[in-house]
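Start from the sequences, fold in the hints, and give me the full structure.
Chains as they are written, first to last, in the working numbering: chain A, 1 to 460; chain B, 1 to 460; chain C, 1 to 460; chain D, 1 to 460.
Bear in mind the hints are in silico, worked out from the structure with no lab data behind them.
Be a bit skeptical, because a hint or two may be false.
Identical copies go unnamed one by one, so any copy, or any two together, can satisfy a pair.
[What the hints assert, rightly or not] In silico BS3-like links for lysine-lysine, alpha-carbon gap of 30 Å or less: (1) K391 to K401; (2) K452 to K378; (3) K391 to K353; (4) K353 to K401; (5) K378 to K391; (6) K353 to K285; (7) K451 to K353; (8) K221 to K452.
Listed here are the chains, written in short residue letters.
Number of protein chains: 4
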Amino acid sequence: MGEKPWDGRFSEPTDKAVEAFTSSMAVDRHLYHYDIDGSIAHCRTLARAGVIAETEAEELAAGLEKVRQEISRGEVVFSDRLEDIHMHVEDRLAAHVGALARKLHTARSRNDQIALDARLYLKAETRGIIAQLRAFRQALVDLAEANMGVAMPGYTHLQRAQPVLFSHHAMAYYEMFTRDTSRFCDALERMDVMPLGSAALAGTTYRLDREYTARLLGFSKVSENSMDAVSDRDFMLEFMSAASICMTHLSRLSEELVLWSSAEFDFVDLPDAFCTGSSIMPQKKNPDIPELVRGKTGRVFGGLVNLLTLMKSLPLTYNRDMQEDKIPLMDAVDTLKACLDIYIRMTPNIRVKSGVTGRAAGRGFQNATDLADYLVSKGMAFREAHACVGKAVAWAMDCGKELHELSLSELQQFSGKIGEDVYDALSVEQMIDRRRVFGGTARENVAAAVKKAKQRLEAE
Amino acid sequence: MGEKPWDGRFSEPTDKAVEAFTSSMAVDRHLYHYDIDGSIAHCRTLARAGVIAETEAEELAAGLEKVRQEISRGEVVFSDRLEDIHMHVEDRLAAHVGALARKLHTARSRNDQIALDARLYLKAETRGIIAQLRAFRQALVDLAEANMGVAMPGYTHLQRAQPVLFSHHAMAYYEMFTRDTSRFCDALERMDVMPLGSAALAGTTYRLDREYTARLLGFSKVSENSMDAVSDRDFMLEFMSAASICMTHLSRLSEELVLWSSAEFDFVDLPDAFCTGSSIMPQKKNPDIPELVRGKTGRVFGGLVNLLTLMKSLPLTYNRDMQEDKIPLMDAVDTLKACLDIYIRMTPNIRVKSGVTGRAAGRGFQNATDLADYLVSKGMAFREAHACVGKAVAWAMDCGKELHELSLSELQQFSGKIGEDVYDALSVEQMIDRRRVFGGTARENVAAAVKKAKQRLEAE
Amino acid sequence: MGEKPWDGRFSEPTDKAVEAFTSSMAVDRHLYHYDIDGSIAHCRTLARAGVIAETEAEELAAGLEKVRQEISRGEVVFSDRLEDIHMHVEDRLAAHVGALARKLHTARSRNDQIALDARLYLKAETRGIIAQLRAFRQALVDLAEANMGVAMPGYTHLQRAQPVLFSHHAMAYYEMFTRDTSRFCDALERMDVMPLGSAALAGTTYRLDREYTARLLGFSKVSENSMDAVSDRDFMLEFMSAASICMTHLSRLSEELVLWSSAEFDFVDLPDAFCTGSSIMPQKKNPDIPELVRGKTGRVFGGLVNLLTLMKSLPLTYNRDMQEDKIPLMDAVDTLKACLDIYIRMTPNIRVKSGVTGRAAGRGFQNATDLADYLVSKGMAFREAHACVGKAVAWAMDCGKELHELSLSELQQFSGKIGEDVYDALSVEQMIDRRRVFGGTARENVAAAVKKAKQRLEAE
Amino acid sequence: MGEKPWDGRFSEPTDKAVEAFTSSMAVDRHLYHYDIDGSIAHCRTLARAGVIAETEAEELAAGLEKVRQEISRGEVVFSDRLEDIHMHVEDRLAAHVGALARKLHTARSRNDQIALDARLYLKAETRGIIAQLRAFRQALVDLAEANMGVAMPGYTHLQRAQPVLFSHHAMAYYEMFTRDTSRFCDALERMDVMPLGSAALAGTTYRLDREYTARLLGFSKVSENSMDAVSDRDFMLEFMSAASICMTHLSRLSEELVLWSSAEFDFVDLPDAFCTGSSIMPQKKNPDIPELVRGKTGRVFGGLVNLLTLMKSLPLTYNRDMQEDKIPLMDAVDTLKACLDIYIRMTPNIRVKSGVTGRAAGRGFQNATDLADYLVSKGMAFREAHACVGKAVAWAMDCGKELHELSLSELQQFSGKIGEDVYDALSVEQMIDRRRVFGGTARENVAAAVKKAKQRLEAE
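This is the structure we're talking about:
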């Protein structure tokens, strides 16, 4: 008998370059914990089915715990020759329990084993990401609360449009990351399916109690079809889709922080501890964190494209191509976690320059819409009011003034309906507070949204 | 006053090339139905809030219904000059109700209007796709049922591995499309959020009853934050992610049908009505449908990449880039619908060549695992049994025989544990029926899976 | 004999839904011109090989010219039943020349015919894009020349770093689009290969003079291998890669124009004719063109992903999947052309606000590096000078002053090496003009770069 | 003075988590060799410009060589605190030459330094890949030569279409990889541009002789514009596009090898040393190498998407996002190299089962086109001949015979033009050898193509 778990019919040994090329240890090593959990559950299920004795199961489980400790202490040297994590674990297990180790692989294939490991891994990581999202959403709500009342320009097309509360802007991100949470929760539910028992593809011939294995491993469901179970990677694709969408949100926030850190906007001050300088330009303080997070967005998108490309057109069931699935998956997991972690740390230290944002909120004709609304309230149709205000804006721009800096008689050139009460209508505070519709930027709405979010976060 | 809804402050007319470049009519035209639904709900909400009279609301609604009919009859010529569908509708509305039409755009922006239209469109299309998936899953279950008992080789690495039932293979696809259904349902829930009232970005100043608008339009929730509402395209990204995953399933099925239609496999006969021939090779009958579906997979992936790229790093709130969102979305919707439709039509006409698949199931040493299991049942450890069978396979290959074609004495060369009962163990029927673990390929399991699926489909 | 060019062996007619699903007329219609060119060259080659008579060739060519005119006048109704452009042309040809039309398809397959059409199409379009790039590069050089001497801040990390000439910034884009030109030229050379004669896949049995066909059609090479010729889509992939890279450049320029059009930067004024306003906010003037170009970037990326996905893992030779190739290709061609066209129109009308950019160039401690260089020129090591200036910047920020606004004694706190000549060293003009290294921003360099570019453009 | 090269103006130390998040050492470590080459050339250029003394330059160069040896011997511990490879080198340099080390960074920024390192790295790797492609093309030509005369079915739509030589099929891949070579050569030329002297963005104030630096480092050109030089990543994008196209070719070849290794095709035997077995199915011999190469295709596509996404919409000049560029680049380089290497090793060991392929070439009505051509040679129009043969095929299929197995009278049912000479026309050998058009599959053509390729490879 040869060295490999499969070389009975082979006449030539594997080429060393082939061993290196086909080894999955670069990523598999991160799965040992889950692989051992799965093996322990599997040997107990074998015992329950009478395939091995209860005492054998306990001896195997104890041996597997020893292997876990060896690996966690860094005592096991990984080798391409042993191909994957499953073989490494079994190899070390044999060192502890001898020939008994060979019984562990009964009623199991590496095909259902890796499907199990990947699901256990991703369930744990997804739960961790949901917890990170909770912490980050809390940080956003805290930021909104701490800056309640700070006005800033709201933008469309990166043009100043209407003044909003900074807190309203922050709470828009709270909404995005709350949707992300919901998507990860749904993905978690769909990945919570136990594949063991599917063996190579057709199901094992042993009458295993798969529900029992599922309970031991904390799964709520077992897979319904063995061929699907070993060839399905939907749970990875769905996770990576959710991660990609989450990264678009992080990239948007990052873009805004980069803009706001520029000399031109100057809306926020990022803490020194989260910035770096330039080796050549002594004055520079660069918003590296947002830039890097923005840059890492493509990495997650690329991983999704990688995995979609990989899975496209693969005939059933397992194909070796699928060994490549864990590289983009783990990279996406690690990237998203790192980005969330750094934002959780940085967000409480973002200082909003309320003087700057407040002044900016009052300039750039952002009260033009409100002047139009004022005219509508005096009986003009909206489209007409819009045109009338457009002319007033053009005139004011020529004078180098804002609308609220025009005199009443100047304003009345454009409509006789304008009265002294127009100045109140054009103040930043009133503009903000008039937007009391549900979801609007009025202080009372935003305060209510913050309160609701805090309650929700506490309840989660 | 100029021609555009916004040109009050402009001194130069828009360049004609710019009108063509910026027009969204190529895709917007498909939204008129939803745009009009939204406008009718909006004018009723304005009336309820006292912004316009009830009679005005009814006059507007009646005018909008007239516009709907004009467009549906193809009587409205779309023009780049009027930029988008909203302006076309308002333009025609003015023709019917005169100056009153100008009141419709009160308390609304094109930013929240397009967010509404896109959600209404996608909700309807997603529901349609879920219905298509139901029909397709039914067709797969019917195919499984009609071919119950047909054996075929199960493959890993495109190597014959173990015999399975064709129906088990078909039911693996049922599982995939059932997961797709579940993903689209979750996406549908998250897109079911009414954005109107957000106005341009900050919320309208009018106290609209947004829950009322939502009820009129069949939404179950209203958006929580106006800035998020006008700049969120998550619902599109999530739909396109789900569509991409669904296309991987269709591409895998298509790949298999192409393989199975080849002279080498010859497992299925696709109906003439779904194939084409060659203009140069008279003997050809090409599996065009599966090939085209496989080819369209990249189109949906590309659309997802398009939209992810588009949304990356956009600062809040609306940016004109987002006008490009509907092109990949509608293309993905249309592509997925067309692929599902053609598969719903073709699937009932797929003829499985059970003679060919059955013979193939009995060849290629697919009973090797079962010989190993047989040895394990006689007391050998699995890894040893595997190696022992490996040697038997190598020997049989040299003889040009299958394992079950070896005599007992030949077999006993490899292990004395082998007895006469081995031949039963190595028959295709027994191999299939021994895999009775839940999710396995045994006839009783597959029949139960089919029954369960039929009940579920009826209940949906 | 049936209706299709291939249905001799078929017993059922094609399903109507299948005809619609498999038809390529939506994109093929744009190829009629090239298809007819190819057919004319083909019938002349057939005559030269003695397969048909010279008079037959001329009759066919005359008939094909009639078909070209019919189609160009919109007189031919395209139908899904006739599948593709080749069949439509042949169908119309038969109307003009009768049974002779049937001889045209000798020694040819739709597989080599579509490969030819696609290459003819893409060669023409690529040449057009190279010409557009030339015009756009000219516009950039003109913009650089017209604004020679205008200072602005140069940015890294979107932080003001060192003052540069606006013209230097513009010429950076000239370099990018010059590289794009070079890439399209290389792609053009590789696509300039004549595939006709490959027939379905194995080569025609007729001894055609393929070099003659190539000369008639303006190709410089003929394909070397018939199987490669009908299954190769590299020329499309390479074009789309070049187009994607070109779009990254357009997206970067667009991002900058959006930033520069904001109230915060206020560096440029885009012409009214190229902007639109808001239907709700009368003051808005939105940079729609740059936003839309930026948004269209993802569309070209998505098309590239589409085509890469499509071609991945296709076995030789032609597969029907490849019918889907022209959709992303033509979309990318049209998108890139439209973006270049609109930029060629808009660029001459961009007005740089030199007062604003000049003031910005003098603020934000952009002379910090030059103060460090000044200290190095006085004998300090660079890393020390950098640290010393870092402290001076921190101190000046606390005072609310720029470095050049500090008094000499204030400056000397940080190093005794600083003398009166420091103020010259810190002026924007000197900072710019000191960067005389080849490729640097000094006026003389930039003027030389502009001159060189103009000469090159004239020579192209 | 602090620990960082830029912290003069900072009041807080960098957060440890930020150091880890912003460090680029994971990828930078692979660049040390190029970084040191660049620094040696830079210090010589500084000396030539009189900025430092010649003796200082030599002392620095000697110190840098010591650092190179330390790193190559693994004696340098990399740390996130020192951010990047440049700082590690300078840190170690200071240990060898003391304060002089601080002069090295004069007239240079990390922005132009990393642009240089990346170009040096990619030039070397691209040259290596071109050499690998040459070796692989040689292996394909050798395979073609070794199997000259072996017939096999040629496929379209994975349907047997016309017989071809296996060597013709192999030479189709030779053409693809020759085009790849040409693309990498063009990319190499465009990346051969020396950026040093651009400093941070505006050009250095020192009058460096950049052509001299270029000569020292083996570049043929210097960059024309400093802002472009530090913010350009086209050379990476172009490399990754070429790599993606090359991977589509490898994926197609891999797909075919997987198909040909199946029991159904059984066309090739891959060497045991390049295959693995199954841990559960003793009979399996899996084509892992082609499967893994096919699976790695998505990885390169994903990397391209990553980098395109990253670069999209970045304003000039350097942004920290760009630090993420090397991860997909190096991964694509390593992936492509590994795939080419394993194919170079495996290709000479592929054994074509000429008996199987030859038999397959004679079945499946692949002589149908030739029967049509035969009829054309007897005076029938091609489209008619096609239809006539279609009927003969249908009839023969019903009889379970091939066309050449029909008797003359059976054949004459379909056309009276058929004579005894038809059987020669229908033989595999004649079918192949009749395709003597340039690029066709006739033996003389393929032999000529092989000869031409060998001459070209020798000349390269």
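Identical-chain pair category, K353 with K285, by Cα at 30 Å: Classified as both: same-chain Cα gap 16 Å, cross-chain 27 Å, threshold 30 Å.
Is it within a copy, between copies, both, or neither that the alpha carbon of K391 lies no farther than 30 Å from that of K353? Classified as between; 23 Å across copies, 33 Å inside a copy.
Regarding K221 and K452, is the shortest C-alpha distance of 30 Å or less found within a copy, between copies, in both, or in neither? So K221 and K452 pass the 30 Å test across copies only (16 Å; inside, 34 Å).
For K353 and K401, with the copy left unspecified, which applies at a CA distance of at most 30 Å: within, between, both, or neither? both (24 Å within a copy, 19 Å between copies)
Checking an output row: K378 and K391, CA cutoff 30 Å. Within, between, both or neither? For K378 and K391, only the intra-copy Cα distance (18 Å) is at most 30 Å; the inter-copy one is 59 Å.
Are the CA atoms of K451 and K353 at most 30 Å apart within a copy, between copies, both, or neither? within (24 Å within a copy, 46 Å between copies)
Are the CA atoms of K452 and K378 at most 30 Å apart within a copy, between copies, both, or neither? neither (36 Å within a copy, 62 Å between copies)
Have a look at K391 and K401 and pick one of within, between, both or neither, based on CA distance no larger than 30 Å. This pair counts as within: shortest intra-copy Cα distance 14 Å, inter-copy 40 Å.
Checked against the numbered hints given earlier, the structure breaks only hint 2 and satisfies all the rest.
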